[in-house]
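K.L.:
Residue strings, one per chain:
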Amino acid sequence: MKNNKTKDFIIWTILAIVLGLFCSFVFLPMLDVNPITAVSIMFKDTFSDTFTIGNIFIKTAPLILTGLAFAFTYKANLYNIGAQGQFYTGCICASAASLALGGKLPGVLVILIAMICSMLGGAMVGFIIGFLKARFNANEFLISMMSTYVITFMMQLLLRTVLQESKHEYLKTDYLDSSTWLPKIIPGTSVSFGIVIAVIAAVGCWFLLYKTSIGYRIRVTGMNQEAARMSGINPKNQYMIAFAISGAIAGLAGLVEVNGMQHMLLTGFDTDIGSYGIGIAILANAHPLGVIPAALLFGFLQVGGTVLGHASDAPASVIDLMQGFVMLFVLMSFFFRRKIELRRLKQQKIAGEEAV
Amino acid sequence: MGTPAIELKNITKRFAKVLANDNVSMTIGEGEVVALLGENGAGKSTIMKILYGLYHATSGKIFIDGQEKVITNPKEAMSLGISMIQQHFSLVPAHTVTENIILGNCKGKIDYKAKEKEVQELADYYHFDVPAGEYVKNLTVGTQQKVEILKALYLKARILIMDEPTAVLTPQESETLMQFIRDYVAKGNSVVFITHKMKEVIEVSDRIIVMRNGRVCGQIEKDEVATIDEATLAYKMIGHDLDELQMPGEEDYSKRKKRVVVEHVSIQPKDQVALLSDISFDIHEGEVFGFAGVSGNGQQELCEALYGARKLTSGKIMLDEEDISTLSVKERIKRGMGYVASDRYRYGMVADMSLSENMLLKASYLSRWIKHGIINWKKVDEDTETAIKDYTIKAPDHMISAGSLSGGNQQKVVVAREVDMGDSMIIFDQPTRGLDLGAINYVHKTILREKEQGKSILLVSTELSEIFSLSDRIAVLYKGKIMGIYKNTELTTEKIGLLMAGVDEKEEKHHEK
Amino acid sequence: MSNIINLLTRAFFMSTPLILGALGEVIAERTGMMVTAVEGIFLIGAWGGFIGAYLSGNLVIGFLVAMICGILVAMLYGVTTVYMNQHQIVMGTAIAILTTGFCTFFYRVIFGVQTTPLKVETLPVIAIPFLSEIPIIGPIVFSQNIVTYLTYLLVPVIFYVLFKTSLGLTLRSCGESPEAADAAGINVRQVRFLAVAVAGCLGGVAGAYYSLCNVGMYTSEIISGRGWIAFGICFLGNWNPVGALTFGIVFGISDAIGVYVKALGLAGLPSELFSALPYFLVIVLTVCRKQLKVPEKLGVNYIKEN
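Protein chains in written order, with our numbering: chain A, 69 to 424; chain B, -4 to 508; chain C, 3 to 308.
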């Protein structure tokens, strides 16, 4: 029965994804782009050379992490829609640490320090949100949303002042010392160790949630807060723990992006990585391991969309269109799946009665 | 007899998971009280919700005054003169009595003053002590029920359906309700009375329809009602005889050691009425201590205070000679306390989690199944399978979600876990509410079994029969105060009824003079 | 002094869309529906308003198009949440991503690639005779555009409807106790759906306010979180139209300060801090303010097995 459910989920999700892509491509003729050509470009050109395939993994790595960040709080019935802000905090911490120590200490050590800093930074922001929720019963998703905007402006301020490049020309930092870059793992591509970090984080989240008492308590709190309280589990503590962990994961995405890909911090990059994370988590039904394929899909759509843009007149906004439609239809598929499941139960029941 | 006011013909209702009504037919005549008797889950409420338009029948027909009608929503039912008072009241707590009564029955601008006057006059006419301008959340349950009745009267209902109306009332309040019902049908109206209590059925109804497993399984006509006895009714209701429980004897506990001692416990939130005031009692080893009272008089607060889920304003709680007053729930679980909460769905289980995960619920800080923060799921699963067998829980395996079990089986899971956790003391708050008779019997036997093992047991119940058949000593709780502690044999139903209504013995005597 | 008056005039000007959006949110949330699609509704309002106005050369048509766009997006949100039981917060995010892609894509479809942004004339200021001559208050309150005046007017109207009419009672009961409303013969889902559509209509106009009254053009960053602020104002204003007005003005002021400081361009002044002010204010006020009148079933979908 459980297998049946998983099968249903996968079939319906794939159906929804196809429908979502179809809806986005239908509009392409308006820009004189043949949708069929577009599909073939997206698939053929994207998978034509290792470098472009590598790009999918590069895009995927931070998406896995922001997806995990949302999924983790979602399990505690909390809504951390401020992963964007925690991501930026991680970026700031990682780049500041790498800039300050790069070249002075061994590269591996600096990366480790930067990693800890980025996670601590994200965890701090997450913890504050969780604390405000626990202590003042503040609406966590409103606060986490707003924190993103505040942090974005803070980042701009830092990039204009203390973190600005030596030339003082653009709103960006100097390049990080190359010893602090995450090592490349696939020759002929720019794929860095970041993807490995992301996958380890996903497995770690899964283990934490389903195999340990900490994760168990978080899930109980998410599903029934009152029952948790009656079982000696303090829901408020779980809020703070869940938010801090979620923030740390989003912060880690900052390291992966800065030390693994950009090799510097600049203003206004990856502005939607937080909300994509939400989409990915939903696609994965908030399961930490499901986040990996979901993030791969989004990574593919982003690379494929860019490739399409280079090869035709299709604009970059088609990526958002695709992601939006996919999310919409996946959410709708939840409803139809549930409906069909109920109908099946009913029929089984009737069949059972008639057999008697 | 002429055309019945209402006739239901061959109604079948199928939900995704259950067949709630199976080919049910019945009539309701003018000016009569019809009792719909049956266990929980027999389909009594469902058939009436279909008549009221809340559910749609899968098949079957409804005739009102001989004409076939299709009722698709409550509004249509109301326009046909049918009103239903559901078990869980359909009131908006944050709105006033008047707003609740006129909801859905007014147009355009509301003249609140005029409406309030109108409602107050209606209440006064029926001698209902209901303040029209008060917020519903500030009213007692008994008064809220009156508001529900007023709502029906405001709509000029001629057929009133009441779902378990006495469950929340004191015996005296119930009597007043019965009086109202008699007056109301005397005016040519009809009442359908859904209940599982046999006593009141015999008392008030003209005709009894018994339901079991979604079917009508018996009718007791007007002339038979007066002569029928409870045992016959019970047999019709459940299809077999019940095991009789041994009534607690006059065992002397005073020589046994006191495991639980509660001294002068009060809970008083700031600027509010005290929830509990000056509660003192003790429970011996192997004793069942019963708390009777109308629900909402501080029972839940008392249980939560004992369990550590509520802070005491003052007072002391001792368990096995240790002061546990300031300990957290977590610490009290460690000391072997079990708690079967009254609302299991809310406090006792996680519906979307598996049975194994639910077994682990109270033990997430204990080392029993957890080493270094990592859960030994294999062991949890094994122990859950054992519990399923020991408690004859109807479940395919330990992986099924708790929410998909029936109410009785869910309660068995909770009881199994709490009995297991509670080595020294177990609190049972309304442990049989909403269960069928078979499951009730099982829970009662479990309580007596645990008592034999020397555990101290606190039993809270609104069902007097339950209190009487299990408790060694009985206390009555009224507005957060103990009205008195008695040995089981010292109390009569009448006396306990008065205590539940807050009438003190001394006061009573005073009145007599 | 005149600086302060200018600043406050600007503050009132900037508060209008926030109040409008919050009013729509108040109506919907009173029925239990959080319109988390508000950011997307604002965006599509700004987009539709601009396109309507640019292509027709008429601002009124622009606002009408914005309303329709807002209602359509709200209806999409309503169908998926009210009738398909999807989670309100998650759905809001999906719609935000979708509208972002949709607006940018079709702006490109309609106008092609533009090197300089297209512009329309902004909505003119109408100084109300006599009233606008009152010192201080006159220029601040009575020298605004027609949308602002209508917004002021809407506040007492919505207040009256919510608390003095049967329609209001119906709306509020759906948010407090949908079961009770259902038992009283009210079609809860329909009420909620329509309330969301009304919120979409007001949100659409609010969005168009940014493109048609403020800057006279459309960019994809035009809203940048203002929808969420309107959402926050509804919370802070205790789900009351008057509260929405009050906090709308507070945020208008903080918004105006941010813009003002940035325009000053003082080298030593961290203007980013002032730009972040409104967002920061939402956090601080959400934490400080006791939310007393939360509709009991806010954010909870009404599901009935039948």
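Just so you know, these hints were derived from the structure itself, not from any lab.
Incorrect hints may have been included.
So the derived list for chain B, only partly shown, Cβ under 8 Å to chain A, looks like this [as the list claims (entries may be wrong)]:
hint : residue
1    : 322
2    : 342
3    : 359
4    : 363
5    : 368
List time: in silico SDA-like cross-link candidates among lysine to any residue, alpha-carbon distance up to 25 Å [unchecked claim]:
hint : chain 1 : residue 1 : chain 2 : residue 2
6    : C       : 121       : C       : 110
7    : B       : 306       : A       : 297
8    : C       : 292       : A       : 303
9    : B       : 151       : C       : 110
Idealized CB from N, CA, C, for every residue including glycine.
K.L.:
Which numbered hints does this structure break?
P.N.:
Checked against the structure, the hints that fail are numbers 1, 4 and 9, while the rest are satisfied.
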